[in-house]
Every structure is written in C-alpha cells, then in structure tokens.
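Asker: Position chain B against the provided structure of chain A, taking the given hints into account.
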Amino acid sequence: MDFNLIQKIVKLFEKSEIAAMELQEDNFKIKLSKTGKTPVISMPSAPALYPHAPEIIQPALLKPSQDTPDEVVKEEKITGLHEIRSPIVGTFYRAPAPDADPYVKVGDVVGSGTVLCLIEAMKLMNEIESDVSGKVVKILVDNAKPVEYNQPLFLIEKS
Amino acid sequence: MDEQFDISKFYLRLDTEWLGRNLIYTEETSSTNSYLMDKENKVNKHGTVVLAEKQTSGKGRLDRVWYSNEGENLTFSMLFLKKDILSLNPNILNLASSLAVANVLESLHFLKPNVKWPNDVLVNGKKICGILLEAGYAGSTINRLVVGIGLNVNQAYFQGNFMMEPTSVRMETDTVIDREKLLAEILKRYEELLEKVKYAPEVVLKEWSKKCRMIGDRIEVKRGEESLDGIFDEIDGDGYLILRTKQGTERISYGDVSVSG
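Read top to bottom, the protein sequences are chains A and B. If you use this note's numbering, the first sequence corresponds to residues 1 to 159, in order. If you use this note's numbering, the second sequence corresponds to residues 1 to 261, in order.
So that you can see chain A by itself, here it is in the shape it has in the complex (with noise of 0.2 Å):
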C-alpha cells in the first residue's frame, strides 16, 4: 500500500466520529483507533476484587496525554512478501544444470507456474514453481547449499 495512501486514511479517521477502525489489503493491515481526549485510566485495583484478571494498561496507553487524539498505528506484515519454502530435505540448485544459466535472478519478475529452483534428493529432482505473481526480491539460500524442510527459499513481493 501507498504510503500517501496510508497518510490520507489518517487524515480522514482523524476527522470522522469513528472511534476505531481496521483495513486490510491482501497482506497489509492497517489498525487505527481513538482512545478518546482524557483517556480513562484505570489502575489496577486492590487484587483482593479482581483476583483473577487484573487489567493489564499497555504502557503505550499510559503514555503522558497528547494533544491529538491517540492513534495507535498498527502495521502488521509491512513487507508483504510471499516466501517459497522448500517442501523437502535436499540440495538447492539454482540452475537445471551446472554450466546453465540461473533460473531466476533478484528483479526478475515471475508468474505463478514460473521454476525458481531445484532441490535435489536421492536422484528426485525437484522443480519448484512460484506460486503467486510477483518479483525475486531475495533469494535466501546460496546454489548447491543442503536446505531443509520448510526452510524459506525464496522471498516474492506479490504484484
């Protein structure tokens, strides 16, 4: 997401009634809300009343008073990156064969069904594909290194 974007959002929750808000977009998520100008807030009372769930204050709410109303901003998954993980315990190849040029490359920009790499197991060569559309934006693992299980191979930012 566009971070003008982001600002403008802001911008208009600050202005609107709405007490909070969420918006997602694939795998950005954005969290505002307005805890209100004189924040309420409460101290733990004596444990003898509440003896099983004292409230916990986030120190962030805690905070001395601020002049706008407080935001809490929360971005979860900033990246938004798709991560290829290798389905099996083998040796990552980077190219079909020694000589042959890479696969892909970080930048290129790969379709779903594109092959990124080879992981080699008992003479099983294993081709994996991209599963999303997007480009190489880092390629975790160096050529002919063992990988593992689940072991994250690849990252894609998704187009």
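By construction, these hints were calculated from the structure, which means they are not laboratory data. Careful: at least some of the hints might be erroneous.
[Stated by the list, open to error] Simulated crosslink set (DSBU-like; lysine-lysine; CA at most 35 Å straight-line):
#, chain 1, residue 1, chain 2, residue 2
1, B, 83, A, 105
2, A, 145, B, 116
3, A, 105, B, 45
4, A, 158, B, 83
5, B, 188, B, 39
6, B, 222, A, 138
[What the hints assert, rightly or not] Computed far set for chain B versus chain A, every beta-carbon distance over 10 Å:
#, residue
7, 18
8, 44
9, 160
10, 174
11, 198
12, 207
All C-beta atoms, glycine included, are put in the ideal place defined by N, C-alpha and C.
Answerer: Then chain B, alone, in the frame of chain A:
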C-alpha cells in the same frame, strides 16, 4: 534400428489397471521426462507413459546424459498426478522404481540383478538401468511426479566413456528381447509396487535392501567437492543411506556411491 515398437502388441500384453493405459509413442523427443514435465504438452492423464525410440538429450542427474541406441532399448517416463501417489514418500518411490525393474529382469529373464543406492540397477556389476525422478511443486505443494526409466534392452555393444560400465539384457542373456512384453511387465510390477509403497513401505525397503549388495561394505559417497568414507550400514525408514564414518553416523540424501578400494 531394430524392429519398431509394436503398440498393439504392447497393449495385448499390458495387464495393468491404469498405468500405461495411455501410451504416447514417439520416434524422437528431447527427453521423455522433459516431455511430461512440460505443461505446454498438456498431458494430464494420470498413469500416462511416454516411450521414445530416440532421446536427443536423455537426462541423468543434473547435467549428465543418458545414451541409448535408437530403437533398441526402453526409454520411457511415467506420469503421476493423483494425490494417493503424490503423497507417497518420494524416496521410497525412488527405491521402488529400481526394485520393480530388478524384479522383472529376474523373473522374466532369469538375471541376478542388484540395486545401487539410490536407484540404479546393475547386472554383474554393470549398469543396465538408470532412473530419474522429477517432481513439480507449486510453492510447496507437489502437483506432478514423473519417473523416467532408461533400460538397456537390445543394444549389442556400447562405445564411449561411461561413469559405470554399461550392459544390456541382450548382452547378459544372448537373446534378442521382446520389448513390448518387457515394458508391459515392468508397468505391471510398478503398479503392484506402488500399492506396496502405500500400504507396506517397510516391505519395499526390506526387499530393496536384499537386492543391494553394498550394504555392509566400505563405500565412498561423492557429492560435489565433498567425499565421505564409511560403512554403508543400512537404509532408514525414509530411504536415506546411513553411513557410519569415523566421526559418527551420517544420513545421506544424495551423492554418487561407490565401493571403496
């Protein structure tokens, strides 16, 4: 080139439920494995077998090549798309592939084949069959498995340098072999072994181990620059080679295995 492969004769011999019921016969292709791995070819029938009289770039591990005289041998690949097969342990399938070929050479041609980890078939210490499995994954979900088998059948001699001395069924039996019958038998045995891998994988591992003469020997495992030396103790429940070295026990997932000394 010997006699052309007779497709109708093959179908008459074929006694499988589903494997090889769809046979694609081609005079020439780059590699039967590549043919089935390539989605552009739109082969989407589980159990399809592609048989080529000539492969222009028959494949081995990585950049290795499988050489075979045109029209004399069996170079074919089988396609698996159904979940019951795709969910099987691929390492055990790998071992089962060499076991299927070895069993047929034994029962049909009275040879005494043995298997070499992970999936070569040898007769009298010479290589008669090479197998290469290829799997396609979308992310981490397997959606295609291709088992390629190159079996030397009627080739009378081999010229050139090979990693391991080759032989053929004809050379070992002094007879010209009925390729249609041999292929039909292998597919039948393969289909049966798939059921065994499903319901009794430990039996497959046991049968394979019985046919592997290297177990108990001092071996060398070469992988890239690295070389490991030790005793081939056994294959474990997942089909990995258990190598006892001076430093301890290693679980080997790939490499070229040879007897030391």
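Asker: Should the label of residue 174 of chain B as a non-interface residue stand, given a Cβ cut-off of 10 Å to chain A?
Answerer: holds (31 Å)
Asker: Is residue 44 of chain B truly not at the interface, in the sense that its beta carbon sits beyond 10 Å from all beta carbons of chain A?
Answerer: holds (14 Å)
Asker: Take a quick look at whether residue 145 of chain A and residue 116 of chain B sit within 35 Å of each other, Cα to Cα.
Answerer: holds (24 Å)
Asker: So residue 198 of chain B supposedly isn't at the interface. Is its beta-carbon more than 10 Å from every beta-carbon in chain A?
Answerer: holds (18 Å)
Asker: When you look at the beta carbon of residue 18 of chain B, is every beta carbon of chain A farther off than 10 Å?
Answerer: holds (22 Å)
Asker: Any Cβ of chain A at or closer than 10 Å to residue 207 of chain B, or is the non-interface label fine?
Answerer: Fine: 17 Å to the nearest Cβ keeps residue 207 of chain B off the interface.
Asker: Regarding the pair residue 188 of chain B and residue 39 of chain B, is the alpha-carbon distance no greater than 35 Å?
Answerer: holds (26 Å)
Asker: Are all beta-carbon distances from residue 160 of chain B to chain A longer than 10 Å?
Answerer: holds (20 Å)
Asker: Taking 35 Å as the top limit, are the C-alpha atoms of residue 83 of chain B and residue 105 of chain A close enough?
Answerer: holds (32 Å)
Asker: Can you confirm whether the C-alpha distance between residue 158 of chain A and residue 83 of chain B stays at or below 35 Å?
Answerer: Judged against 35 Å, a Cα distance of about 28 Å means the pair holds.
Asker: Compare the distance between the alpha carbons of residue 222 of chain B and residue 138 of chain A with 35 Å, and conclude whether the hinted pair is satisfied.
Answerer: Given pair residue 222 of chain B, residue 138 of chain A holds - Cα atoms ~30 Å apart, limit 35 Å.
Asker: If you draw a straight line from the CA of residue 105 of chain A to the CA of residue 45 of chain B, is it 35 Å or shorter?
Answerer: Given pair residue 105 of chain A, residue 45 of chain B holds - Cα atoms ~33 Å apart, limit 35 Å.
Checked against the numbered hints above, the structure breaks none of them.
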